[in-house]
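J.: Here are the chains, one letter per residue:
Protein chains: 2
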Amino acid sequence: MSPADIRFDERGLVPVVVQEATTGAVLLLAYMNAEALEATLRTGRAHFWSRSRARLWRKGERSGREQIVEGLYVNCEQNSLLLRVHQQGGAACHTGHPTCFYRKLAPDGSWQVVEEWDFDPAEVYGRTPSRD
Amino acid sequence: MSPADIRFDERGLVPVVVQEATTGAVLLLAYMNAEALEATLRTGRAHFWSRSRARLWRKGERSGREQIVEGLYVNCEQNSLLLRVHQQGGAACHTGHPTCFYRKLAPDGSWQVVEEWDFDPAEVYGRTPSRD
Numbered sequence: 001m002s003p004a005d006i007r008f009d010e011r012g013l014v015p016v017v018v019q020e021a022t023t024g025a026v027l028l029l030a031y032m033n034a035e036a037l038e039a040t041l042r043t044g045r046a047h048f049w050s051r052s053r054a055r056l057w058r059k060g061e062r063s064g065r066e067q068i069v070e071g072l073y074v075n076c077e078q079n080s081l082l083l084r085v086h087q088q089g090g091a092a093c094h095t096g097h098p099t100c101f102y103r104k105l106a107p108d109g110s111w112q113v114v115e116e117w118d119f120d121p122a123e124v125y126g127r128t129p130s131r132d
Numbered sequence: 001m002s003p004a005d006i007r008f009d010e011r012g013l014v015p016v017v018v019q020e021a022t023t024g025a026v027l028l029l030a031y032m033n034a035e036a037l038e039a040t041l042r043t044g045r046a047h048f049w050s051r052s053r054a055r056l057w058r059k060g061e062r063s064g065r066e067q068i069v070e071g072l073y074v075n076c077e078q079n080s081l082l083l084r085v086h087q088q089g090g091a092a093c094h095t096g097h098p099t100c101f102y103r104k105l106a107p108d109g110s111w112q113v114v115e116e117w118d119f120d121p122a123e124v125y126g127r128t129p130s131r132d
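Residue numbers (the working numbering), protein chains in the order written: chain A, 1 to 132; chain B, 1 to 132.
Just so you know, these hints were derived from the structure itself, not from any lab.
Incorrect hints may appear among the rest.
Put simply, identical chains are the same to the list, so a pair is met inside one copy or across any two.
[Claimed, not checked] Once the Cα atoms are required to be at most 20 Å apart in a straight line, the calculated EDC-like pairs of lysine to aspartate or glutamate come out as:
| hint | residue 1 | residue 2 |
| --- | --- | --- |
| 1 | Lys104 | Glu77 |
| 2 | Lys104 | Glu115 |
| 3 | Lys104 | Glu10 |
| 4 | Lys104 | Glu38 |
| 5 | Lys104 | Glu116 |
| 6 | Lys104 | Glu61 |
| 7 | Lys104 | Asp5 |
| 8 | Lys104 | Glu70 |
Taking the hints into account, I'd like the entire structure generated from these sequences.
T.: See below:
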């Protein structure tokens, strides 16, 4: 089989778990279409399909925090991918946290922030995204 | 915010990255609906929604390879989850591999198996699932 055997869903997308290759941290979950997959493999830099913006998105295109591909893995059912990367510039999340999964469910049912900020997003994007 | 603030998609599902808490290995990507999330939090054992079987699915219900929850994390946009678990019995994948992401894309465009089998699935499930 080849990358052509990946089972994209009815939207033409496949979910991609992005993991920092060095630390093992799960950075984010994103989606690729065939174009994003091709661009990722061709450039060695993570590209995704932004569902909210409906366009191809190169990770770090604004922040410079790009992701250099270490390896691409496919699951048993060929309907999800694992992309292991070397995250440049520390933080992967647009909120400034190292990963997008910076909140952990506490016993009282609240979400508690368990990661410090790595950068101030206002300095990168000119605004402070919501992160409650 | 609380678990009630998770943004399930139009199918009532949220994608869940499952990671082994001890090793950091990404085990699988699965989906939860509200019922699976509630069962997971109530029991401390991973439950998912099986899209192919259209039913609630407790991980390990047939194989005994259940996943004991270490922690649940939500992403910045509240539309994906990270479940860190202690995988029981070694392998997480129904193919017998330690994780579902046992194939890595090689430079020639083929997928190469990079994980050994942990168990023979024929002995657990009575048949050998496809894994090519």
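J.: When the hints from earlier in the document are held up against this structure, which numbers fail?
T.: Per hint list: 3, 6 violated.
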